[in-house]
Amino acid sequence: MPQVVVDVVLKPEISDPQGQAVLGALGRLGHTRVTGVRQGKHFVLDVEGTPDEAELTQIAETLLANPVIEDVELHLPTD
Amino acid sequence: MRIGVITFPGSLDDVDAARAVRLAGAEPVALWHADHDLRDVDAVVLPGGFSYGDYLRAGAIAARAPMMRDVVDRARQGMPVLGICNGFQVLCEAGLLPGALTRNSHLHFRNRDQLLRVERADTAWTSSYAEGQTIVVPVKNGEGRYVAAPAELERLEGEGRVAVRYVGGNPNGSLRDIAGVTSEDGRVVGLMPHPEHAVEDLTGPSTDGLGFFTSVLTAVVSA
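So the protein sequences, as listed, match chains P and V. Just so we're aligned, residue 1 is where the first sequence starts under my numbering, counting upward by one. Just so we're aligned, residue 1 is where the second sequence starts under my numbering, counting upward by one.
One chain only, chain P, in its complex shape (with noise of 0.2 Å):
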């Protein structure tokens, strides 16, 4: 079955606590080079039949995201 693969993540604009914790995080194990870190979500659709490029856009863009602070992205199968 045919899986989609939609990544949400908050707007560059928008402050990061998780992040920002993450990042405090790996400074005192000793990974200075690491100098940011996002966290968002990974959602796995599996999929009946072809995938409709314009409903999982939708279902992306008005359940899964939040638009006004979330950047998504959707991976449709490529073989």
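Every clue listed holds true.
Per the computed footprint, the stretches of chain P lying under chain V, defined by three or more beta-carbons under 8 Å from a beta-carbon of chain V, are:
id, segment
1, 14 to 22
2, 66 to 72
Pair ranges (Cβ atoms, derived):
id, chain 1, residue 1, chain 2, residue 2, range
3, V, E154, P, T50, 38 to 48 Å
4, V, Y55, P, K11, 19 to 29 Å
5, P, P12, V, D122, 30 to 40 Å
6, V, Q77, P, R28, 52 to 62 Å
7, V, E152, P, T35, 20 to 30 Å
8, P, H75, V, R39, 41 to 51 Å
9, V, E154, P, E53, 29 to 39 Å
Just so you know, these hints were derived from the structure itself, not from any lab. Source: prediction; values computed, not measured. For glycine and all other residues, C-beta sits at the position ideal for the given N, C-alpha and C.
Following the hints, position chain V against chain P.
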């Protein structure tokens, strides 16, 4: 006057909201999220809690519930709607109010008695107050940080759409200390603090919250 209080799976403060409605002198009407019938109410309160567990985003799934479609339609025709805490999150997700609520900047759940300044005393839910009046009501949230794009914030400030603001400390990192906003027509108001928990001396830090519920009595009559 009949004021509906919608219960979603995971609502916690619907009973308190209904009690506040009754203390203000109106008739609370219990509404169920999955129904498609507003039961002839004159106004609606969306209570606090964790609707549908808030597993996707706070308020995101509730905003798409059947009853919310009726609320959005009627709100656009001028029916007063008050969203408290999770209810505020639902109103933003439903597109009735601008901006969004995100994780508190310090990542802690914060609950305390909070000082607020009423910035707008001419909305359907704040007319019982005086502009600039300070009130004390409890705040309790983990995702209460109000955010909007810089241009949107400027627009909101310019249009006077900030209904209430935190004073004496910002509990969650909300931009511009915004605790609540109003729709353009002043009929829809959302705020993170809980006025319904400040309506009786026995159970609240003050009775300052009652004004939200008494305000709407005159708002509906004058509509």
